[in-house]
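Residue-level listing of the chains:
2 protein chains.
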Amino acid sequence: MRNPINLKHKAQSIDEHWSPKVVAAVDDNFVKVAKVKGEFTWHEHEEDEFFMVLDGTLKIEMEAETVTLKQGEVYVVPKGVRHKPSSSDECLIMLFEKQSTLHTGKTKSALTKDIKDQLSSS
Amino acid sequence: MRNPINLKHKAQSIDEHWSPKVVAAVDDNFVKVAKVKGEFTWHEHEEDEFFMVLDGTLKIEMEAETVTLKQGEVYVVPKGVRHKPSSSDECLIMLFEKQSTLHTGKTKSALTKDIKDQLSSS
Numbered sequence: 000m001r002n003p004i005n006l007k008h009k010a011q012s013i014d015e016h017w018s019p020k021v022v023a024a025v026d027d028n029f030v031k032v033a034k035v036k037g038e039f040t041w042h043e044h045e046e047d048e049f050f051m052v053l054d055g056t057l058k059i060e061m062e063a064e065t066v067t068l069k070q071g072e073v074y075v076v077p078k079g080v081r082h083k084p085s086s087s088d089e090c091l092i093m094l095f096e097k098q099s100t101l102h103t104g105k106t107k108s109a110l111t112k113d114i115k116d117q118l119s120s121s
Numbered sequence: 000m001r002n003p004i005n006l007k008h009k010a011q012s013i014d015e016h017w018s019p020k021v022v023a024a025v026d027d028n029f030v031k032v033a034k035v036k037g038e039f040t041w042h043e044h045e046e047d048e049f050f051m052v053l054d055g056t057l058k059i060e061m062e063a064e065t066v067t068l069k070q071g072e073v074y075v076v077p078k079g080v081r082h083k084p085s086s087s088d089e090c091l092i093m094l095f096e097k098q099s100t101l102h103t104g105k106t107k108s109a110l111t112k113d114i115k116d117q118l119s120s121s
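Protein sequence lines, in the order shown, are assigned to chains A and B. Heads up: the first sequence begins at 0 in numbering that gives the first Met the number 0, then just goes up one per residue. Heads up: the second sequence begins at 0 in numbering that gives the first Met the number 0, then just goes up one per residue.
Please keep in mind that the hints were generated in silico from the structure rather than gathered at the bench. Note that beta-carbon positions come from the ideal geometry of N, C-alpha and C, so glycine has one too. It cannot be assumed that every hint is accurate.
Unchecked claim - Among chain A residues calculated to face chain B with C-beta under 8 Å, some are:
#  : residue
1  : N2
2  : I4
3  : L6
4  : V25
5  : D26
6  : N28
7  : V30
8  : W41
9  : E46
10 : V73
11 : Y74
12 : K83
13 : L101
What the hints assert, rightly or not - Derived DSSO-like pairs (lysine-lysine); straight-line CA-CA distance at most 27 Å:
#  : chain 1 : residue 1 : chain 2 : residue 2
14 : B       : K36       : A       : K7
15 : B       : K69       : A       : K69
16 : B       : K7        : A       : K69
17 : A       : K7        : B       : K69
18 : A       : K78       : B       : K97
19 : A       : K7        : B       : K112
20 : A       : K36       : B       : K78
21 : B       : K78       : A       : K7
22 : A       : K78       : B       : K7
23 : B       : K69       : A       : K83
24 : B       : K7        : A       : K97
25 : B       : K7        : B       : K69
What the hints assert, rightly or not - Here are some chain A residues pointing at chain B (derived, C-beta under 8 Å):
#  : residue
26 : P3
27 : K7
28 : V75
29 : V80
Given these sequences and hints, build the entire structure.
Shown next, in the form of C-alpha cells:
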C-alpha cells in the first residue's frame, strides 16, 4: 500500500456484487471492500467479522436478531454466529477479518469467491 | 457490541485529543476511534497500524515519506516504521490494530494512555 486509498471509490469500482476485494493487509488480517445488492447466503465463520457501511444501508439477519447499518455505522458479527447480509438497494461496505476467513464461511455456494479473486490489482 | 455504532459520532463525543477509545474487538484486534488535533509523538509499533479518516485531514510523517489522508481515505503504517501523526485542524479517525498495541508504541510520553483508559464506557 503505497498511497492512501479512498474506500468508497475503491468499492464503487468493483464490477460484481458480493465480490469483496482486498485493499490492505494489517498483520494477519485483510481490509476488504465490496459492492453488494440483494441477498447473500446464510453462513458462519470461525472468526469475528467487522462490517462498516460506506454508502447505502446493509441488513444483517442473524438467528437471534437483525441489525440494520446505515452509512458510517459499524457492527461485528461474532465468530460462530450464522448470518445473512442483504441490501435492497446497492450498498458499499468495508470488511475487516482474518486473512484465513472465507467470505461465505463453511457454506460453499455459487457466490463463493476464491481469495485469489479477492486480491485487488491496484 | 449489541447495536451498530456510528464511528464519527463516537469519535466526536471524546473529550480529549489523542485519547483513543475502543469501539469493538475483532478477534485479537481492537477497533478504536480518536479525536486528534496538533502533533502526536514520534513512535513505532511491533504491529501494523490501520488508519481511516472519518472527518478532517490527517498527516502521517514517516522517515522516508509523508502521507496526507482526507475523509474516507485509509493507510497502513507497517510494523517497525517510525511515524508521527498530526492534524492542524481537528480530525476524527478510526484505528485498527492488535489488542496488544500501545498507541505510542515503545515511546512512553505524556500522551501515552493506558489501555484501561481506552475502553469505551458504552
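Status of each hint after checking the structure:
no., hint, verdict
1, N2, "holds, 7 Å"
2, I4, "holds, 5 Å"
3, L6, "holds, 6 Å"
4, V25, "holds, 5 Å"
5, D26, "holds, 5 Å"
6, N28, "holds, 6 Å"
7, V30, "holds, 7 Å"
8, W41, "violated, 20 Å"
9, E46, "holds, 5 Å"
10, V73, "holds, 6 Å"
11, Y74, "holds, 5 Å"
12, K83, "violated, 16 Å"
13, L101, "violated, 15 Å"
14, B/K36 <-> A/K7, "holds, 25 Å"
15, B/K69 <-> A/K69, "holds, 21 Å"
16, B/K7 <-> A/K69, "holds, 12 Å"
17, A/K7 <-> B/K69, "holds, 12 Å"
18, A/K78 <-> B/K97, "holds, 17 Å"
19, A/K7 <-> B/K112, "violated, 32 Å"
20, A/K36 <-> B/K78, "violated, 36 Å"
21, B/K78 <-> A/K7, "holds, 26 Å"
22, A/K78 <-> B/K7, "holds, 26 Å"
23, B/K69 <-> A/K83, "violated, 32 Å"
24, B/K7 <-> A/K97, "holds, 25 Å"
25, B/K7 <-> B/K69, "holds, 14 Å"
26, P3, "holds, 4 Å"
27, K7, "holds, 5 Å"
28, V75, "holds, 5 Å"
29, V80, "violated, 12 Å"
Figure legend: structure checked against the earlier numbered hints; hints not met, in rising order: 8, 12, 13, 19, 20, 23, 29.
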